[in-house]
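Student: Read off the chains here:
Number of protein chains: 2
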Amino acid sequence: MKFRRSERLIDMTNYLLEHPRQLVPLTFFAKRYGSAKSSISEDLAIIKETFEHRGIGALQTVPGAAGGVKYYVKVKNEEAEPFIEKLCNLIADPERLLPGGYLFMTDIIGNPSIVNKVGRLFASAYCDTKIDVVMTIATKGIPIAYAVASLLNVPVVIVRGDNKVTEGSTVSINYVSGSTKRIQTMVLSKRSLAEGSNVLIVDDFMKAGGTVNGMISMLYEFKANLAGIAVLVESENIEERLVDEYLSLVKLSDVDVRAKKINVNKGNYFVKNKGDKR
Amino acid sequence: MKFRRSERLIDMTNYLLEHPRQLVPLTFFAKRYGSAKSSISEDLAIIKETFEHRGIGALQTVPGAAGGVKYYVKVKNEEAEPFIEKLCNLIADPERLLPGGYLFMTDIIGNPSIVNKVGRLFASAYCDTKIDVVMTIATKGIPIAYAVASLLNVPVVIVRGDNKVTEGSTVSINYVSGSTKRIQTMVLSKRSLAEGSNVLIVDDFMKAGGTVNGMISMLYEFKANLAGIAVLVESENIEERLVDEYLSLVKLSDVDVRAKKINVNKGNYFVKNKGDKR
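Taken in sequence, the protein lines are chains E and A.
Number 211 in full-length UniProt numbering belongs to position 211 of the first sequence; there are no gaps in the numbering.
Number 196 in full-length UniProt numbering belongs to position 196 of the second sequence; there are no gaps in the numbering.
Mixed in with the good hints, there may be bad ones.
Said to hold, decoys possible - Simulated pairs of lysine-lysine, DSS-like, Cα-Cα distance not exceeding 25 Å: (1) A:K130 / E:K31; (2) A:K164 / E:K251; (3) E:K190 / A:K260; (4) E:K190 / E:K223; (5) A:K223 / A:K86.
What the hints assert, rightly or not - Distance windows between CB atoms, simulated: (6) E:K31 / A:N198: 41 to 51 Å; (7) A:T129 / E:E239: 30 to 40 Å; (8) A:D254 / E:D244: 47 to 57 Å; (9) A:T27 / E:T27: 40 to 50 Å; (10) E:S38 / A:R241: 39 to 49 Å; (11) E:K130 / A:P82: 25 to 35 Å; (12) A:N77 / E:N198: 36 to 46 Å; (13) E:K86 / A:N198: 26 to 36 Å; (14) E:D256 / A:K164: 15 to 25 Å; (15) E:D244 / A:R32: 38 to 48 Å; (16) A:K260 / E:G67: 36 to 46 Å; (17) E:T27 / A:A58: 23 to 33 Å; (18) E:E239 / A:K164: 32 to 42 Å.
In case anyone wonders, no lab produced these hints; they're calculated from the structure.
Treat the numbers as computed from the prediction; the structure is a model and nothing was measured.
Every residue gets a Cβ at the ideal spot worked out from N, C-alpha and C, and that includes glycine.
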């Protein structure tokens, strides 16, 4: 066939994109295409260069008999920055203001292409971190959690505010909502989280951090470890933040219901991703 | 650069996969790579052939000045069949049995690679249908709904069982749960669904169809149209099915709690996808 290499490049690109953070042995590709391992190596060199050049992601080559190639998401600042700016503008729209100073965000969370991009940014930020599970709380955090988890190649566990028969035995904890100071309950199915798991907590919105803090307490109940916290929007001007270390894309400062003004800035994504991680 | 075409093929593959059901003008690619439109056409012919040959999807070329190329998901039966069989085996595990004959499915729904594959199958089945929105009900249907919606390039709207301040004004309806015959309420944010939208309803589980039927009533409230219904698992042996036309991947027949036996078969996916759609 005349475009043997072309076909391999297209199929390998698709395969790698569909299997992030998975070590694929060179022999797998060699067998798949009936090609020599040397040809596969050349193909991968081309894909690696293009992925990096075009900001698609990074390919890591592991040498040796048990080696292979691993694709992971790595977002360039040129991609992240305009996206976060666009998000800020979207969120600053005064039409979003709801009674009580709440913000309507359902349309943003309902847009898979935005959600997938948010997932890309978070997956990129945590690409070097050991993560076994992404945890979120129903309902609005779920889409973002899946977008991240898909790219990190790990399962999602969903904490709920109520008990369902379909969850089997559950662990239930009480927590104090940071902003309203009300005592609330969250439950997690006993079967869903293994001891010692490294957990990335993901949510759509964080005010004082009471809900996130509740999820951290849940981790203790399951003897699991906190690997990171990532939120789409954080709210500034909080007297007492209950959570220290987290990543945010957007920071909400002043919400003035009377003047119909929402003050939005970039979150700490770039600050966090500058020094320690890359 | 020596692998000009190679780079284009890799980047175009990634771009098309990230933009399903979107018409991309040839001039867009020509400009992106500084190439002649004739070279882009040749590239696309190679990608089209590989996508079809490898079962990645289909490329549709629209000729003319306003033309371009459109990628959409098209799953081959060779891919769908073993996957659905694997799903059946997974679900038939007697460890899933919960008190009351319910099934624990949280681990299946929590696995993004399974969920994404379910999304691929549904997106493929509805690739020729006009769909503007995917609708689901919180909580378990949400991951599947996003997986489908991503590939159909449409937003998701989430019906809820309770009212939240962050939803703004809502429309609330009562519906009768088909199996328990209890009256329940579901709400949908007024802003989230436009009049005349063509809606694909997606859920994880359907017994008699009361919940799906509730969502259909919700569509009437919003003057929206039903474009299709897709469920991961349907339950057989239902005296009175409230919904006629739907797609299912897995069919649950007998759940015998005492004998710890779950009888699972393939759903109607292949039946539905044989005659009318391809």
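Student: Take the hints in turn and mark each one as holding or not.
Tutor: Hints versus structure:
For the hint pairing K130 (chain A) with K31 (chain E), the CA-to-CA distance comes to about 40 Å; that exceeds 25 Å, so the pair is violated. Restraint check for K164 (chain A) and K251 (chain E): satisfied, since their Cα atoms lie roughly 22 Å apart, inside the 25 Å limit. Only pairs whose Cα atoms come within 25 Å are accepted, and K190 (chain E) paired with K260 (chain A) is accepted, the gap being roughly 21 Å. At roughly 12 Å between alpha-carbon atoms, K190 (chain E) and K223 (chain E) fall within 25 Å of each other, so this suggested pair holds.
A distance of roughly 39 Å separates the Cα atoms of K223 (chain A) and K86 (chain A); the hinted pair therefore is violated under the 25 Å criterion. Separated by about 44 Å at the C-beta atoms, K31 (chain E) and N198 (chain A) satisfy the suggested range of 41 to 51 Å. In this structure the hint that T129 (chain A) and E239 (chain E) lie 30 to 40 Å apart at CB is violated, the actual value being about 52 Å. At about 53 Å, the beta-carbon gap between D254 (chain A) and D244 (chain E) stays in the expected band of 47 to 57 Å.
For the pair T27 (chain A) and T27 (chain E), the supplied restraint of 40 to 50 Å holds, since their beta-carbon distance comes to about 41 Å. Our hint of 39 to 49 Å for S38 (chain E) and R241 (chain A) is violated, since their Cβ atoms are close to 58 Å apart. A C-beta distance of roughly 32 Å is found between K130 (chain E) and P82 (chain A), which places it inside the suggested range of 25 to 35 Å. Between N77 (chain A) and N198 (chain E) the CB atoms are about 39 Å apart, so this pair conforms to the stated range of 36 to 46 Å.
At roughly 27 Å, the beta-carbon separation of K86 (chain E) and N198 (chain A) lies within the given 26 to 36 Å, and the hint holds. Checked against the hint of 15 to 25 Å, the pair D256 (chain E) and K164 (chain A) passes, with Cβ atoms roughly 22 Å apart. Roughly 42 Å separates the CB atoms of D244 (chain E) and R32 (chain A), a value that falls within the hinted 38 to 48 Å. For the pair K260 (chain A) and G67 (chain E), the beta carbons lie near 44 Å from each other, so the given range of 36 to 46 Å is met.
Between T27 (chain E) and A58 (chain A) the Cβ separation comes to about 30 Å, which falls inside the hinted range of 23 to 33 Å. Checking the proposed 32 to 42 Å range against E239 (chain E) and K164 (chain A) shows it is violated: the Cβ atoms sit about 24 Å from each other.
When each numbered hint is compared with the structure, violations occur for hints 1, 5, 7, 10 and 18.
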